[in-house]
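> Chains as they are written, first to last, in the numbering used here: chain A, 1 to 499; chain B, 1001 to 1448.
Because the hints were derived from the structure by calculation, they are not lab data. Please note that the accuracy of each hint is not assured.
[What the hints assert, rightly or not] Sample of chain B residues facing chain A (criterion: CB under 8 angstroms; computed from the structure):
(1) Pro1214
(2) Tyr1289
(3) Val1339
For each residue, glycine too, the CB sits at the ideal point set by N, CA and C.
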Amino acid sequence: MFETLRALSDGFVNAFALHNLGWALVGTTLGTAIGVLPGIGPALTVAVLLPVTFTLDPTSAFIMFGGIYSGAMYGGSTTSILLNTPGETGSIATAIDGYMMARQGRGAAALTTAAIGSFVAGTLATVALTFFAPPLARAALRFGPAEYFALTVVAFTTVSLLLGPSRAKGLFSLFLGLSVGLVGIDQLTGDARFSFGIPQLLDGIDVVILVIGLFAVGETIFQAWQYGRSEPEAVVLHDFTGMNRDEWKRSWGPWLRGAAIGFPLGVLPCGGTVIPTFVSYATEKRLSKEPERFGHGAIEGVAGPEAANNAAAAGVLVPLLTLGVPSSATAAVMLAAFQQYGLQPGPLLFTSRPDLVWTLIASLYIGNVMLLVLNLPLVGIWARVMLMPRRLLFAGVLVLASLGAYSLNGSLVDLAILYLVGAVGCAMRVYGVPLVPAVLGLVLGPLAELQFRRALAISEGDLTIFVTRPISFVLLLVAAMLLFSSRLLTTRLASTESA
Amino acid sequence: MPRFIRALCAIATVLAVARPVGAASDAQFEQLRLIAPAAPGGGWDQTARVMQQVLQRTGLVRTVPVENIAGAAGTIGLARFVGSEQGRGDTLLVSGLIMLGGIVMHRSPVTLREVTPIARLTGEYEAIVVPASSPFRTLSDVIRALKERPESLSWGGGSAGGSDQILAGLVAEAVGVPPGRINYVAFSGGGESLSAILGGQVSLGINGLAELEPQIEAKAVRALAISSADRLPGLDVPTLREQGVDVEFENWRSVVAPPGIGERERQRLESVVAAMVATPEWKATLERYRWIDRYLTGESLARFVEREETRVRATLQQLDTGQSSGGLLASGAAYPAFVLTGLALTALAALVAGRTERRSAAASADGEKSWGTVWWIGVALAINLALAEKVGFVIASTAMFWLTSRAFDNRHPARDGVFAALMAVGAYVLFGHLLQLPLPGGVLERWL
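In isolation and in its complexed conformation, chain B is listed as follows (with noise of 0.2 angstroms):
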């Protein structure tokens, strides 16, 4: 036990060396919580651990918590959002782009106009490239092969709706192309689309600048465009618009409060985080991720997002018309029917495999079964539900904890009650405070 106690101690001393040693008085936030509506890894979540970092070190704010909410293009973790976060002057989501196209694609209820618009943060221009051993040279010779059939291509890249593909469709309509016929392959994540991009299984790939860049300059792959309005210092990549194809684009991110909250508040988080983008780390991070410094607030914000939502829905309403270059097998319907159909088959099977055995097995009769258990079970689990957010995982937790041990054995209540405490404290304390996990803490949270 004394090593448990003693690497306990090792953790408790390595968290308090994390804390930020700054000033509490020079702090302009106690706490500001960060939700990345993604996956720990992708572009959002790089956001929101970056501001972290550099809130936490320059000591603007005490302690910024990140959380991941994951899914649909960050279209979930919006709706939550909106939903729960309701006039909390503490909170940002990080957004951007992609959310803008799963808005669309996901015909989602909840939309960018519902939440306050802080700050246009960063943007990312894009490339796009051939494997090594493409026949391509240069972007004509791409257009050329476009025109005379577009599907013969295929564009490997990010999810479907994402800023990639809606490149792609750009791209395709500025030489002329109905963007539908353009056979774009999603990958899911950059690592993905990369290695397919690197081992030549698709025909072209499109991707984040930042991602690539180091594939161009070990000559992995050769670009043949990149977005930017014009080029870039240290890179000899050619812009589409030099090409004669009039797209300009960047992936940007940004972050936003919820609604309803006071302008005071707003006013709040906006001087906070335009301490952030002030500040030499904030400048020199931007260089590390190669991120472009795309800081932008207010009345002109508001103009842009609206700007680029039109654009984004005019894109992908039309990609959206377009079919599947793979025939029948590859659409979306051939899958589930076939799964579906088999579910109703081995189900039948199996109720009948089910009839033969129970007869047999029914002169061994096992025994009584305690349904009242399962019943105890039942409503523990019932509670835990209701309760986890309403007043708190310590309460809740303690009450599953104790109608469970009760089920099976209700001899001791007093003693399992001391136990049920002490387990949910434990671990709200170990997996909540120390490892700083989203736990709610409701009705207790001042004292916990």
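Looking at chain A on its own, in the form it has when it is part of the complex (with noise of 0.2 angstroms):
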């Protein structure tokens, strides 16, 4: 405990040199100017900057990395509210009741608690990651193929509390996300399924495309349908000076949970973001004594999915630096620049080279604070961007969610599956069909399949091997708990409604 701290206040006098103070907070900004656009998330944003770094010394390009990774991931964000676009997988959560807070006049208030959420949560995030990585990642090796399918399990019960007010409706959203998730190579054999011979479709459609289509694309359309010229603008109140009380009395549950929720998750190689997020949106969802206010505005369903976010980002960390394992794409690209230095990623990283690992962490805390100092007072300004005429707005909208789809492969395919989910998305809309079950089913339905199939062939096929191993059978035994308390619940609601 104690050589940790003074490693990391090591860490911390390297960082704390004026120059590096600069390359952090240029880090961060650029790591937030585009984690901004719809479509480029961390992966991409860090790889596109790795050049950049090249010509510092390694302890600055550091600081830079981690500048650019807490900034890039909480980049997603700010459009997710304030134009309905999430950036990335890890803010769809943070666009449902985000962007319904904006529409309100309440934009501030969400960026707001977005911002802390972040910082409030990536901070304890790195703090776990400095005293307990070891130990952490030793754990998450536990999980294997079937531990994954039941955690897939889990997530799914989330999904029961999205539906909507029409059952039949939210489940045919979602079993429309599993059918698109069908699309594309089957992992496990190679086979090519239902790509209906276009080589664009080999890989499946991005879960970002699927996302920008029927949120920001489906609720241009929807919007040029509904009013269309014929109505003035609404009216709406804004304030732009941030949280009040009772929202800040709102967050704090939220902030510190999504912490808990999306570090451990983050942890877990193959975790993604995606999984955190539900499920700390779920959970607030759960413990709240007015869940009907989700999907309406609900603050705590930004703070939480937020707050899980940056946590997971942090928790990604653990098995990179500790066990050279990398279990995302942004990790994937951060071990390359790390090479780049001349470190070996792996079980001896810590001891190889300790000086520059403490540095990148000691510049994951000041790039949260950086983060925080630098949004807050931008907070007022952005989200002064819903003032704008809805002409200018949607079709500024367009143009990012064009460019970002554009972008991704450089395919105007892409853009063709865009537009084309636009219109599925304005349609599910006007049949008042829920979009986010379709989006938890493209991005659970595939790993699902695959964690269920490994499984099985590491079993030859032997069933029994969920309910065999611990930490796989008490997972699907908390998914079966929780499916069937939300329906006695319900029920029981029902009957005292009616009563």
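These two chains come separately, so use the hints to put the complex back together.
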């Protein structure tokens, strides 16, 4: 413990040199700027900015990495809240209530709770990374395909909370997402499925394209259809001052719980950011006394997922730094960057170059503070985007969404899919089919299938593997309990209401 | 606002600093585009980004933008490369063994015969390891178990049809086990398979040596064999050959140029790559990434690729005849059947639900909907789709912006036009230039 603190303080001494603070600032700014663009996730952000860091000495470069990483993770939330355009998968959950808040004139409050939540959770998670990384990483290795499958089953129970007023329509949306997830190469055999001979479909439909299409493009077309020119724009009283007392009180719990959910799920390799953010969203809805506010601008639905997202981002670094296992695309890019500086990531990284590792960790703390300092004053300015006339706002959304989708692979096919999904999204709105189950289906479906089949391949077709392995068994039990309790709760509520 | 402007200045300074200072006069190329047919983080992406760094630092090329076109073991990038870069003498695609496998696996209509080979650059050996807690001590223990019942051993490695599975097939064949009966579990990406091996989720791990070596050194896994011809200095692991398995294997990577380029252009590309591999920076990089120098060009390269193609094709065809060892539920057909049935049933249920709702809501008909506006937006999207690559991002986006804003409100056409142009140019400069995302410049490319 004492040694850890000393090493960390050495790291801080390195990071606090004036020019290094400057690089941290540049890193967070650049990371946020690119992270804001829909479609450009943290992995590409770090990759694009790598050449910039090559000209620096290793310490400064690592400090900038820390900044870029934190910034890119945070950047997606701004467009998510203001434009209903999640830049990457981690900010989908944020969009649900964040955008509603912005429409109701509480955009500044949503941005504030996202910024502070990111800071609080990011810092807590970095503390956990500092002190408990090695045992956590070892524990994460106990997760095999059976456990991951059980985890996706738990994540699927969150869908039951997001089905919307009509269960039939919600399930239809879910299966729509699952069907879209079928498209592409079967990862276990390499065979193409439902790609209809179009090579661009071989890799499946990118979640980001689906999300931007359903949310941003779909919303634009829907607004045009519903209001068009005829209706004068609704006057909303906007408040640009950040959170009020009640909103502070509502945010605390979700921040802390978000951190507690996000960090361990980030540590698990292949966790991604969708599962932690949606589990956090579902937890908040379940714990809330007024769950009906969710989906209509509940600040808890922004605070929790944003906190979970940033905590998961710090969690990803645990297996990377302690075991040399890159569990996300972003981590893989960072690993490559480490190698540029002659570092061999792996179990021996901490002992071979402790100075750089601790500088990186120190710069994560600094990056989190910088994000807060940088973004809080801007919250009022960004939120004024909502004052733009509707015609310019939606035109801008279309340009940004197209730019993001195109630059994913530089392909017109992606652009065409984006617009098609947009049209579908508009139709779903018109007929009252909820959008979020479709997104969850696309994300979780392929993951569940893959892990299920992997587990069966390892057990040679023996289904009992899911209940004989203790962690998997417990997770499945939790899922069953969650599903059962929610069913019980709704029926009881319904019976008391009708009584 | 000044804060934002200051931030922009900072970005500009950084990118100005990042530009190579190498004198323009001795640069052989003003610009050389590199296309990595994979997502950021993988071996091809790393190769491209390392080349970018070496070429720019040594001043051989002034700017080296890297583009990622991910998918299907590189075959999507290959198809795009052959389709749209025809005859361009300033573009290279990173390629290699895995692409050969992808071409066979995904029955790609485009093959490596259609591109212009420039050079093989690097090779990476593979290693077969077991978790530290495994009962297997040597390769012969594994072979014995394999001969008894091949399915009882699960092999964890990279994506289906990739280098790891090819090697697993070659090893099986060499020891007389039908490759189709190997229980190979494909994981995506190095990290996922590595954690499955470290956690003992699979009985054997098969992966690139560069990824496994740190784990071997830390004794987190036990290495049973490496795929090189001779033992490697500083690594006490026997080769496959010396343990009676007649296989030698490496995952090589190369660069290729588009089809239809002239002889002079080919020579220019070859010479810039030759100059790159001769630099001390390149050599140092190889060491850092634990890549082997496998520089090869010309006739011998063509013959080498041909030989490898035959070998890969033969191995993968044998693997293909194998069945999944997890039974019907683990096959690729069970899940799609479940999902499509579910989709049909829920669609029906939603339709019924919609009917009853509609009837109740019919009274409160929600006013007039403006189909006109929707048409305008449809036109805007169609125009962007049609123009984006033909005449460039700026013009297409300006048109889309203007049409969309017009759809909502047509009272300020001139003002909206100015906004549209400003937004498009601004986005192009910020993302296309400063952040170097690949955006089509189109007819305005020269002025922007």
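> Does the interface hint hold: is Tyr1289(B) within less than 8 angstroms of chain A, judged Cβ to Cβ?
holds (6 angstroms)
> Can we keep the Val1339(B) interface hint, with Cβ of chain A closer than 8 angstroms?
The hint holds - Val1339(B) has a Cβ within 8 angstroms of chain A, the shortest such distance being about 5 angstroms.
> Does Pro1214(B) pass the interface hint, meaning its C-beta sits closer than 8 angstroms to a C-beta of chain A?
Cβ of Pro1214(B) sits 3 angstroms from chain A, so the hint holds.
Checked against the numbered hints above, the structure violates none of them.
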